[in-house]
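> Here are the chains, one letter per residue:
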Amino acid sequence: MCDPPAASPGSANVATAMALHADEVDALARLAGLTLREDERATLVHQLGDIVQYLAALASVDVEGIAPWQPVAPSRAPLRADIAGAPLPAEEILRGAPVVADGLVIVPRFVES
Amino acid sequence: MAVQYESVIGLEVHCQLETASKLFSACPLEIGAAPNTRTDAWSWGLPGTLPVPNKAAIESAIALAVAIGCTVHRRSRFARKHYVYPDLPKGYQITQGDQPYATGGALEIPGDAPHRVRVQRIHLEEDAGKNVHAASTSGVDYNRAGAPLLEIVSEPDLRSADQAAAYMRELRTIVRALGISHANMEEGTLRCDANVSLRPVGADTLGVRCEIKNVNSFRFLARAIEAEILRQTDLLARGEPVLRCTLGYDHDRDRLFVMRHKEDAADYRWLPDPDLPPLVIDDAWVDAVRETLPLLPAARRAHWRGLGVAVADASLLAAERDLADYFDALLDAVGPARARRASSWLVTEVLGRLHALPIASCPVGPKMLGELVVLVDDDIVSGRAAKEVLDRCWAGEGSPLAIVDARGLRQTSDTAAIDAIVAAVLAEHPRQVAMLRAGKANLRGFFVGQIIRTSGGQANPRLVGERLDAAIGEEPS
Amino acid sequence: MTSHDARVLAAAVKDGSTTASAIIDAHLTAIDALPHLHAWITRVDGAAREHASGLDAARRRGEVLGPLAGVPMGLKDMFVTRGIATTAGSRMLTGWLPPYDGEHATRLREAGAVLLGKLSLDEFGMGSSNENVPGEAVRNPWAADRTAGGSSGGPAAAVAARMIPFALGTDTGGSIRQPAAMCGVVGMKPSYGRVTRSGMIAFASSLDHAGPITRSVRDAALVLGVLAGPSDGDATCVAEAPGDFVGACERGAAGLRIGVHKSALDDDAIDPEVRRAFTEALAVLDGAGAVLVDIELPHAALAVATYYVICTAEASSNLARFDGIRYGMREPGSTMTASLEATRTAGFGAEVRRRILLGTYVLRENGRGAYYDRATRVRRLIADDYDRAFAHCDVIATPTAPQPAFVRRDRDADPLAMYLGDVFTVGANLAGLPAISIPCGFTAGPPRLPIGLQIVGPHWREDVVLAAAAAHEDATAWHRAAPPGTVGETSFGRGSS
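Chains as they are written, first to last, in the working numbering: chain Y, 1483 to 1595; chain R, 52 to 528; chain V, 145 to 641.
Take the hints with a grain of salt, since some may be wrong.
So the derived list for chain R, only partly shown, Cβ under 7 Å to chain V, looks like this [claimed, not checked]:
1) H133
2) R320
3) L322
4) L327
Residues of chain R clear of chain V, computed beta-carbon distances all greater than 10 Å [stated by the list, open to error]:
5) G96
6) K141
7) R220
8) N265
9) P328
10) S412
Coverage of chain Y stretches by chain R, computed from C-beta distances (three or more under 8 Å per stretch; other residues unrestricted) [to be verified]:
11) 1515–1528
12) 1547–1561
13) 1564–1570
Calculated directly from the structure, the hints in this document are not laboratory data. Ideal Cβ placement from N, Cα and C applies to all residues, glycine included.
Chain Y with its partners taken away, still in its complex shape:
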């Protein structure tokens, strides 16, 4: 069994923790709001493992003192004057929603998983 990867950047542990295991992929799926179908789980675990291993090449780069990339421009967020435009008419926007009642979007009761 592999240990989960350590959090330290630039650590060699990144390279070792490569093969993803089914329960880790299941945990990712839960976080991402997906369920894995039985017939695809094995393939997915394998494919993701291969890709993650490929991505680990980044661990070999010395990024000491290198700042994260930013687009060339703009260097600062442009700010918008505080002027309100027209809202979308409720009927129009609600028309696109799957389930609506009394002007509200209806969803099944939320239960934290």
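Chain Y is already provided as a structure; the job is to place chains R and V on it using the hints.
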């Protein structure tokens, strides 16, 4: 021996800014509108929409940071915080994560012994929509989604439920004085989560904390915190550990309930928002905002106390901007030397007549009230007569001076004239004089009344009393 | 009429030698004749005819028309169009009719371009073959068993097959350039921040670009000119003065320094015919007066990995909003969580789910230090490599793709192998640089398949990219080649190049 515990409380306060449009889009912002009538493509998280920050919201944010002495960071970033909830249209909230625009301020809780509470950080974020829960479904209204919020996080410097409520009140007073938010808990424009933990007195580490969420009034906040302190105290007294959790407060039953057990922290998968370049707030902008700040409550209170205003009156008058402005106008009219008299008249007589209506509905303006205060302070009218004058001003009969003259309410403070009346009245009642001199103190009031009546109601009662005492005391008993 | 460039059609409408309605009718007929390419998701024939007759009426009244008036076009189905189905190529957006028009649809319409419909794509822009679709994969007009490339396979195929003179695609890792190369047309990705992203469904925010797919470099310049410029709705699209893109096409290549990264070309994965065509293209540019310069891009080998960490992270975030609650499809469930999971699992295809899982992996708390943060720093190194190279050259030339159009294959075939096909294109997305792909030859065949040349320039320097590309185009006729079964189809046997 039982360990003594102290409660350690920190508050995370959300304050909805009063801007015309939302934080990241030009969608109109309106409290209380019918569901889903104040939304736009951005508020719904429609694909293809992008955020552009609202300049006025940033300016309000700067104002609060300056008002409570925070460091405003030249460069800060927006970050995405991912979680699943029906009222979160994009599946993430845009907030500021580990690069907030302001850190390190403090505010003073007013009182006889003002208590300084440090503020750890303030950051900007967008609000989520609102859920209405029914039995097996929820209904979502996205009107509020995208509204601009300031989140103010205090250090855990609060030590009691009352202090926590007082901190909230002061914060509310400040943001209302700045004019940046309605800050109304019932309306939801001021919200508070409280983190409560206990630790042995003298310890410097923090105990396990529990979070109380969604309390919607100052009173309930204090009660909920008290309940939580009791709950944790009980646990510790029984030797049981306090487990991290999130609690709600049921005010109907005056009870806390567990919302979630928080053994595992949520994984928010923080991502610096690639749609938003860094937020840059330069010194020039901060200075410009600083120039335009109104006088803040703490400064006003200190100034008035320096002029002799009572502590409680100063706090009361500073609590609402309109009232504070009224008092400052009153001071302008009467001068600083009369500050104490002016404040007590405003608090006792004017606020007493308003019965919790706002000062804006007072029919007597500060200049007019000031005129009356001067008359009383200068002994031109008696206190009793002045109350009658105020009633008549209130009813719209005219200015205090006009009323005083029209009804002949000026009191005489001419010592010689009063002495003459005193002498005359004493001469008319020699037996009572003797009894008064012999110690029958309740006759003094009889004489004072007689003298004032003889003067046609115009003798200054205080002076009458003095001159009577002098006349009685002079004669050999 | 359907073999003409956009510029030619626009001029013909303007001078009255033809009408917008005639142009639109001709192109709709062309589309009707090629359903087997599966390039279109939604067609709006009625609205298109109406728009065209409106333009004709305006012209008769003497009104001034826009620079693309009467020119038919298609939008990759990542561009939001009011009241017209916008699917992102996904089941997730089944039935969604947007209540607003995106900036691109608006600007092109105001320029007088006539929308004929929404074009097929790899779902949410994720893919290199236009096979990641709920329905039929887009066919390459040059060979029915080949993919059209992706993710803008629909736009590239439609333009190559002479169904429309231009289309708008999106490019996050090469998704305009690679299908353009595979279909033998021109595809341009502008500088990041040049064209707004407002109204373009987001895949990876720091990497996404909108850009034209055309049959000539000058058409690309024309369309780019219409699209470029700041947008109120996008904080990353700034007011950089747009250049004279059309004028830049006349400059020629004399004295232009063309950088070539030799070590990248040593890769075995590059098809020998691609290598040959690339060498010939360099010779053409040399003949046009350009100077070839050796350059180094030391971190190039890390570009694909860097790209896939960043794009999957941003994609997993951008796609978090698709939960079945507010729009699109919803699968029922007893709880919101159950409904959400069922919706996302049924609504997203395999590649999208794969990338969301990867993105979740690289962003999660205990992995972030290793992956995402690090990737943004390697990205800085890659961008700096380009800056240093551009001190020695004006543009950089590469093949667009290591392979010509490949055979349509099993959909869950090795995804990693598919990712490696992006080796030449992702750099320009990571560094935000303008880049164009132009046709530069064909394989020997059969079937004869197009090969693309990529030219990359410094940030904001679309002009020099267009100058080099136009110089190559002017000296060759690859862009005039038409696929079988289309108007003006090329008969290679008779010596036309």
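> Now look at each hint and say whether the structure bears it out.
Here is what the structure says about each hint:
Look at R:H133: its Cβ gets to within about 6 Å of chain V, closer than 7 Å, so that hint holds up. For R:R320, the suggested interface contact is upheld, since its CB lies about 4 Å from the closest CB of chain V, less than 7 Å. With a least beta-carbon distance of about 5 Å to chain V, the hint placing R:L322 at the interface is held under the 7 Å criterion. Satisfaction of the interface hint for R:L327 is found here, the shortest Cβ-Cβ separation to chain V being roughly 6 Å, below the 7 Å cut-off.
Taking the minimum C-beta to C-beta distance to chain V, about 4 Å, the non-interface status of R:G96 is violated against the 10 Å cut. Its closest Cβ contact with chain V, about 5 Å, brings R:K141 to no more than 10 Å, contrary to its assignment away from the interface. Consistency note on R:R220: stated as away from chain V, and its beta-carbon is indeed over 10 Å from all of that chain's, at 37 Å minimum. With 10 Å as the threshold on Cβ separation, the claim that R:N265 sits away from chain V holds: the shortest Cβ distance comes to roughly 19 Å.
Chain V draws R:P328 into its interface by the beta-carbon criterion, the shortest separation being 6 Å against a cut-off of 10 Å. Here R:S412 stays apart from chain V, with its beta-carbon at least about 43 Å from theirs, past the 10 Å limit. For the region 1515–1528 of chain Y, the proposed coverage by chain R is not satisfied: 1 residues have a C-beta within less than 8 Å of a C-beta in that chain, short of the threshold of three. Counting residues of the region 1547–1561 of chain Y whose beta-carbon sits less than 8 Å from any beta-carbon of chain R gives 9, enough to reach three: the coverage restraint holds.
Given as covered by chain R, the region 1564–1570 of chain Y passes the check, having 7 residues with a CB less than 8 Å from a CB of that chain where 3 are the minimum.
In summary, the structure is inconsistent with hints 5, 6, 9 and 11 from the numbered list given earlier, while agreeing with the others.
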